[in-house]
Amino acid sequence: MPEMTATTDLSSRYYVREHHPENGTLLGFWIYLMSDCLIFACLFATYAVLGRNFAGAPSGAELFDLPLVALNTAFLLLSSITYGFGMLSAYAKKQRAAVAWLVITGLLGAAFLGLELYEFSHLIHEGYGPQRSGFLTSFFALVGTHGLHVTFGIVWLVTLLFQVGKHGLTRENLRRLMCLSMFWHFLDVVWIGVFTFVYLMGTLP
Amino acid sequence: MSEHHDHHDHDDGHDHGSVKSYVIGFLLSVILTAIPFWLVMNRTMDSATTAIVILAFAAVQIVVHMIYFLHMNAKAEGGWNMLALIFTVVILVITLSGSLWVMYHMNKNMMPGPMPGAPAHQMNGMN
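Each protein sequence line maps, in turn, to chains A and B. According to the numbering used here, the first sequence holds residues 21 to 225 in order. According to the numbering used here, the second sequence holds residues 326 to 452 in order.
Don't take every hint at face value.
Stated by the list, open to error - Heads up, incomplete: computed chain A residues facing chain B, CB under 10 Å, no partners named:
(1) Leu47
(2) Ala117
(3) Ala120
(4) Phe206
The set of hints was computed from the structure by calculation and includes no laboratory data. We treat Cβ as the ideally placed atom computed from N, Cα and C, and that holds for glycine.
Isolated chain A (complex conformation) (with noise of 0.2 Å):
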């Protein structure tokens, strides 16, 4: 990076000559999220695969309801800002307005998968669950999995808004803050594949 080390300082042209990462803990952690996109693709490829494979039960044109689905992509979406928005005023070290963005992206969170939840029992109620079809046991292990995911973002959360109530903004929990961030975000892109791919693309006759 020659146009960094003409601008700063000796100390810091020190670390980039060493080739070390400025952060081994987020490129760590993007490496594990790489790896969660692998699983999420393996999950695609069998939808792709079973997708089609009505076994005589509804095909997603009856099932999906895509006004619910936006809702609940509208849901994500707007978490992924207000955790921006969350992260910024931690940077800023605005603590009080950290947490209240943070619970606000937990309460959008809880939202998303309350509302998935519902479509879960709603089909299963209707005795369309994973085990009907080829299709609806890609369908629930695709969504299932990235419903898990959420599940435990917001647990993450929950654990890290008391370590900030109790430790403060301490550059530990900064850290913290943005790899939660990187896999709050990476769950927002994860979730436009599902509802391009397995709503909106099953939806099409």
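Put chain B on the given structure of chain A with help from the hints.
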């Protein structure tokens, strides 16, 4: 790169974004989400065209998220982030296209027609 940070606060040698970049990313995402939903819900085009268009919108939106929310660029973590991403995308493309290709030909060439005991079983890729 955030060069206003002094060395001790350098745990995050990383682009944090700003209110402006988050809002731009959010507005782009809303537009890129609303158009595919509108296209599918209003059935403006035939299925094949709609599918291609919404997949293109999804691809653009993933890039938007990468840039505005995940702050992806070629310099983050000395380029290693980008390298890991490129590696993953290569594996991802091989996994997805390989699975589809293999399974399509399996369905087409090896399935002995409708299975007994599974009436009205619709098979993918059957002629």
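Right, here's what the structure says about each hint:
no. : hint   : verdict
1   : Leu47  : 4 Å, holds
2   : Ala117 : 12 Å, violated
3   : Ala120 : 15 Å, violated
4   : Phe206 : 7 Å, holds
The structure shown violates the earlier hints numbered 2 and 3.
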